[in-house]
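Participant: Protein chains in written order, with our numbering: chain A, 7 to 394; chain B, 75 to 352; chain C, 42 to 311.
For the record, the hints were derived by calculation from the structure and aren't laboratory data.
A virtual CB, placed ideally from N, CA and C, is assigned to each residue, including glycine.
Accuracy of the hints is not assured; some may be wrong.
[What the hints assert, rightly or not] Some chain A residues near chain B, calculated using beta-carbon distances under 7 Å: (1) PHE60; (2) PRO80; (3) ASN86; (4) THR87; (5) PHE89; (6) PHE106; (7) GLY262; (8) LYS264.
[Unchecked claim] Below, in silico cross-link-like pairs of lysine-lysine (DSSO-like), each with a Cα-Cα straight-line distance of 27 Å or less: (9) C:LYS223 to A:LYS138; (10) A:LYS82 to A:LYS112; (11) B:LYS230 to C:LYS45; (12) C:LYS202 to C:LYS223; (13) B:LYS253 to B:LYS112; (14) C:LYS96 to C:LYS254; (15) A:LYS259 to A:LYS307; (16) C:LYS202 to A:LYS62; (17) A:LYS264 to A:LYS307; (18) C:LYS202 to B:LYS76; (19) B:LYS253 to A:LYS138; (20) B:LYS80 to C:LYS123; (21) B:LYS80 to C:LYS202; (22) B:LYS307 to C:LYS254; (23) B:LYS253 to A:LYS161; (24) A:LYS217 to A:LYS350; (25) C:LYS223 to B:LYS76; (26) A:LYS9 to A:LYS112; (27) A:LYS217 to A:LYS234; (28) A:LYS264 to A:LYS274; (29) A:LYS112 to B:LYS199; (30) B:LYS199 to C:LYS272; (31) A:LYS259 to A:LYS185; (32) A:LYS274 to A:LYS259; (33) B:LYS230 to A:LYS138; (34) A:LYS82 to C:LYS45; (35) C:LYS202 to B:LYS230.
[Unchecked claim] Ranges between beta-carbon positions, derived for each pair: (36) C:GLU124 to A:GLY72: 53 to 63 Å; (37) C:ARG206 to B:LEU320: 15 to 25 Å; (38) B:LEU140 to A:PRO96: 29 to 39 Å; (39) A:SER361 to C:GLN212: 34 to 44 Å; (40) A:SER351 to B:PRO162: 53 to 63 Å.
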Amino acid sequence: MSKELIRLVNCQMAFDDEIVLDDINLYFNDKEFLTLLGPSGCGKTTTLRIIGGFIKPTGGDVLFDGVRINDVPPHKRKVNTVFQKYALFPHLDVYENVAFGLRLAKLPEEEIDERVTEMLEIVSLKGFENRKVSQLSGGQQQRVAIARALVNRPKVLLLDEPLGALDLRLRKDMQNELKRIQQAMGITFIYVTHDQEEALSMSDTVVVMDKGRIQQIGTPEDIYNEPKNAFVADFIGESNILDGIMLEDRLVKFFGRKFKCVDFGFEKNEPVDVVIRPEDIDIVAPDDGHLCGTVTSVTFKGVHYDTIVDFKGFKWLIQTTDFYEVGSYIGIRLEPEDIHIMHKSEYSGMFGDYSSYSAEYDEMDDPDLYPEDAEESEEASEGGKDEE
Amino acid sequence: MKNFNKVFTVIVLLFLYIPMIVLAVGSFNSGMDIAVFKSFTFDNYKELFRDSVLLPLLLNSVIVALLSSIFATILGTCAALGIHSMGPRLRRFTMGVTNIPLTNPEIVTGVSLALLFAFVGTMMKINNILGFATLLIAHITFNLPYVILSVMPKLKQMDPNLREAALDLGCTPWQAFYKVVIHEITPGIVSGALMAFTMSLDDFVISYFVYGPRFVTLPVEIYNYTKKPLQPKIYALFTLLFAAILIVMVLMNLLQERDAKRSRENRRAFRRGKKVGA
Amino acid sequence: MKNKALAAPYLVWMALFTIVPLAIVAYYAFTDAATGEFTFANIANLGNYMPILIKSIWLALISSLICIVIGYPVAYFIANCKETTQRFLYMLVMLPMCISFLLRTLAWVALTEDTGIINNFITALGLQPLPLIRNNGAVVLGMVYNYLPYMIMPLYTVIMKIDRRLIEAAQDLGCNGVNVFKRVILPLSVPGIISGFTMVFVPAVSTFYISQKLGSSGTTLIGDVIESQFKTAYNPNLGAALSLILMVMIFICIGVMNRFGDEEEEVVTL
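This is chain A alone, in the form it adopts within the complex (with noise of 0.2 Å):
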């Protein structure tokens, strides 16, 4: 599609004797949009300090353009980060927080007005020069953030966890003008979050993350439809995982029944995951069935109902439309396609049982954030006294 900017080689990343990042081997297209996705902890934002500059790998090459730049300093690179709280500069307005880095680079007068004018334009904040960042709403700061970098036409922008900070309503609508903006400005964006909605919906490619090592690279349909291991099904969305035996090509037995699968390429009567999302599993009646189970629990999401099926003491997640009261007997059905293989890993056996099913599995899915969040707000509480 385009050509290859940046290339991380065999990267590894230690601070005293904890791991961070384990041989990351990674390469960024030119105006590609490409997520690092994973839960807190994973090295997602290591590694882009690492692109940015901010810290050296303790192992490994960064290539951009072909050339080694470990020892490049952040300000000789041709990237911009867009920083988490954003850290915009308190004693600066916004028109002269955009124009920073062109000051820097000591351009004339006109053209930093010209451009400051411009991306503020672009950001939609036209009007807000004069004022003080910290008069500014958070999205607001957020899109200041992204006009002093946008402002330096980086060839690379880097942002981390940009809309952490943001309600949900602006975070939807700060992922639609973020997509809009890196197609106008035709750069490359690699982006850091742990939301999986917002990786898929946003990126031309995700790269999956944990313990400081990739899960998976592709793009958001195959991540979502082919993941790799237990970990990737179970992060991105719902999955039932079941432990299976792969008879033969597209051929799997799990539960006592033989299913016809899709997957192929598997040793004979090897072990394996089968992932089964939630969504794609039809409630038939239980002489229909494939597999019959009693509903224990029901929980009504708005577009669907969570419901959870007991299939011989293994509990699964459906979603469906249709409501089945606690209690009753139903049978399912399952196509070919709804069928995922996985080969065994590392992660198998430790997601995508839903016996310990509990209605909040929603807003339990990324518990980091709340205490980030916590600290943060004493940390701003604490700030504000200590002016005294």
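Please arrange chains B and C on chain A, whose structure you already have, making use of the hints.
Facilitator: Showing chains B and C alone in chain A's frame:
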């Protein structure tokens, strides 16, 4: 309860200001005994300005305070920046060292420095090592922790990404410091410097052990004076000093508030002018 | 600039002018004045000064406690004022410290002397003059007066930082006014009390001027003894031994105090 606290606070403030009032009244007293008010006079003030001893001593105090606070501010700010980028273990050690002069009684600090200077004096065979230099060293030493403890919290409060954002936008590390970081920690540096200056100006205990007869500061001289009955012109001097400090404090409060307002307006006006020009 | 090395000049300075001098104090404390040989004589001699040391600790302790009792309501009141009033009152508390403490102590002498301002007033009323000066009470008065702002400062900082929502939460959970104070505000102000106590106790226990001016020969404190060893009696070895014991005692006290509450690096801003 609130009312009780209010009345109580007023009483405590009065208690704190009683000696100030005594000194101020004494400065207008024509008699020598501060306890007996003879008659109102400005003579003490006139005499003060003719005095050839007190004013130079005050100047000495100001010189030491100024030099030591400037030096301590520079050294201490650098140290705070260094400590800020230390690992936890080294940082704890350094803060421990910083706390020694703060928790040690002043008299012990004074005595220990006096012994050090005496020791160096005998080693280098210098007879009167005590003087301006030793006084300055001592003052810098006890000023340093105040500077560090005022700058450190500002560094801690600062978003660490701020510095990185500056680097990211093309600042060299040095530019990132003076274009961004310094703006964030300036309030800390200023309050540290002010604290160092006042501490130094007012210091008696430590100075008393390390001063030499060639360079005497005002508090030390007052101590030596007070072995005899005090001359009322000293009251006059301190009444003036107190008035000056009071005015400076009030002005600073007012200026700070106005400053913030004005700088905003200025920039707005400047921008408007530029837009018209272009 | 992000570099550990920036702290190097500072550390060198502190090593030269804080650590080395303390080592020299220890050295002097264990050597003989005349011969320069190692000896325990100075330390053994300290026994004679025990009553003075105990008296110093006792008076400083009383002063510190009085400062807490007086300082707490004031700090509490200031912390609950409007922000502009807070700043103004805080300034008022700090301002007297800008004037030499020697002179402020002298003003107290003028007030409390047998023929001082207060007694002149009393005799003018036809009453007997009161023995206000040259006793333990006068020394405590001097200490409380001089070091009270040091108590109010940290108390105010800590009380001001208490989250108002905590008080509301306590009320919501059924605390009345007294209980809010006893169960929430007071425990949260412990770090302030500890740091205030340290800031008053340390200078009070080691003072030598206050006791000279407001006390009598019966109220000689450890600070007076140390001062005289260096300035008049000239026995620096004994003085060093006394300083050493004073320092060790204070570090033990602070260590014990810090057990009570995790003290953070508290900053005192003027």
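Participant: Run the structure past the numbered hints and jot down the numbers of the failing ones, going up.
Facilitator: The structure conflicts with hints 7, 8, 9, 13, 15, 16, 17, 26, 29, 31, 37 and 40, although it agrees with all the remaining ones.
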